[in-house]
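Hey, can you work out the whole structure from these sequences and the hints?
There are 2 protein chains.
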Amino acid sequence: MNELPSRKTLPRLDESLLKHLPPFSRLERREIRAILDQATSRRYDVGVAIFDEGAVAERFFMLLDGYVRVVRITPTGEQVTALHIPAGQLLGIAKAIGKDTYPATAMTATDSVVLSWPTRLWGRFVSEYDGFSTETYKTVGKRLGELNNRIVEMATLQVEQRVANAVLRLINQTGRKVEDGIEIDFPITRQDLSELTATTLHTVSRLLSGWEKQGLVQSKRKRITVLDPHALVVLSQG
Amino acid sequence: MNELPSRKTLPRLDESLLKHLPPFSRLERREIRAILDQATSRRYDVGVAIFDEGAVAERFFMLLDGYVRVVRITPTGEQVTALHIPAGQLLGIAKAIGKDTYPATAMTATDSVVLSWPTRLWGRFVSEYDGFSTETYKTVGKRLGELNNRIVEMATLQVEQRVANAVLRLINQTGRKVEDGIEIDFPITRQDLSELTATTLHTVSRLLSGWEKQGLVQSKRKRITVLDPHALVVLSQG
DNA sequence: CAAAATCTTTGTCCCAGCGCAAACTCCGGC
DNA sequence: GCCGGAGTTTGCGCTGGGACAAAGATTTTG
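Sequence order for the protein chains is A and B. Mapped onto full-length UniProt numbering, the consecutive letters of the first sequence carry residue numbers 1 to 238. Mapped onto full-length UniProt numbering, the consecutive letters of the second sequence carry residue numbers 1 to 238.
Hints are computed from structural coordinates only; laboratory data are not their basis. Check before you lean on any hint, since a few could be wrong.
Unchecked claim - Cβ pair distances, simulated, as ranges: (1) B:Thr40 with A:Ser25: 52 to 60 Å; (2) B:Ile73 with A:Gly131: 29 to 37 Å; (3) B:Val234 with A:Glu78: 16 to 24 Å; (4) A:Thr40 with B:Gln173: 34 to 42 Å.
Every residue gets a Cβ at the ideal spot worked out from N, C-alpha and C, and that includes glycine.
Okay, structure coming up:
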């Protein structure tokens, strides 16, 4: 993950922050300037909630750096992770789907930097900024597709395959090349993985141990490095 | 389900068909007339595909009567049902989420009647018709929410609870009061239910038999009647 | 640097529910 | 009214992986 100035207010926001991000990429410098001037920037430590399921959606967000887990909490207190959102995507866009409250909780999976705007600006963004709404709906579509895939996965695959898939997805989205393989770019516990794959941390632990013995992965506390992605792909296919 | 003229062309489409459906409800008679004049109406027998996953999205649809299952087929040929869509909703709206192909297959769960328009009209509908896009995105949001719920459900509930939930959802969406309870308003097999709940038809059969012995439901071939919804709710809570 | 908290590993037990197999029932068609 | 196919029921054996338990390892805190 990139190094970022922590805690203290960021220096005046630079246009280049947004220029290359799809929802804004068609805009002119002047427009981006206006958007930035209305934004609030904030840094969150790992493991805190950016917003909570059910809360009134007072703001919408752009994740500038870090990763966010979208989780839902069941009546019995279990957490289920629905999605991982990488930097560069909008989140908390309840308005885009006609809701006034957030449909899930967003927790930082790493220290993260986020811009946000009051929801009342949503309508203006949609109507005034070329490409904003199109790109937004592409994001929504992508997430729909991912949820759909996870349902199919959970319905048809065994735990080992699901975990393999989850790890592969994570290294695709967030992988970083390291000396001897590809490492998941943020700290992730067995528990986290189990919440992503609908199993228990014990089972995940056993699987990772097994894979490590076979030389497919290497893992320390909160870190997973994939040494042999291809073998994992094979595993994930059943 | 209503009786409908089969196969042959329907009589001239009446404005009242659309007037009360959310995406069109804010429109004036004249606008609805124009929309109808551009629509193709078609009746589908039960069990056929309206469109297939991956196909180029040449048209989008409004389900006027019947029920549609949104299914995905895995590499190994298993079917997983992601959603049930009741009459009155749009479907095949790939354009709304920035896609050019359909993200899943839509199969009729009953004989159904569907209007459709060429995708190239999508842009015009969105820009010209007041409320159309808002309502459409609400639909998308609703589906996102449902998928989300199903993930949570599959991640945390036992099979019996999932099946109970599925049955309850179906009677909520599509239930019809009959003499001694509420019946699911379309033919549904054990197999269908198992595809909705990620289990096997055998397990579903056993569960239904059990429930029937306890007097909670009554079922014949392709028909399920819930006699004691409350008891099912209790079951579904674990 | 000791103590506490967090994360991980591993062992043992056990059962929900799947796979397989076979029989039964209902329905539509000829 | 009989036949064939689709849908359903039920029995039985097996196993993936969850539950519970406990100990180790690593990091954080005071």
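Legend entry - Supplied distance hint 52 to 60 Å, evaluated on CB atoms of Thr40 (chain B) and Ser25 (chain A): violated, 37 Å
Legend entry - Verdict for Ile73 (chain B), Gly131 (chain A) (Cβ pair) under range 29 to 37 Å: holds, 34 Å
Legend entry - Distance restraint evaluation - Thr40 (chain A), Gln173 (chain B), Cβ atoms, bounds 34 to 42 Å: holds, 41 Å
Legend entry - Supplied distance hint 16 to 24 Å, evaluated on CB atoms of Val234 (chain B) and Glu78 (chain A): Given a distance of about 20 Å, which is inside 16 to 24 Å, the answer is holds.
Comparing the model with each earlier hint shows a violation of hint 1 alone; every other hint is respected.
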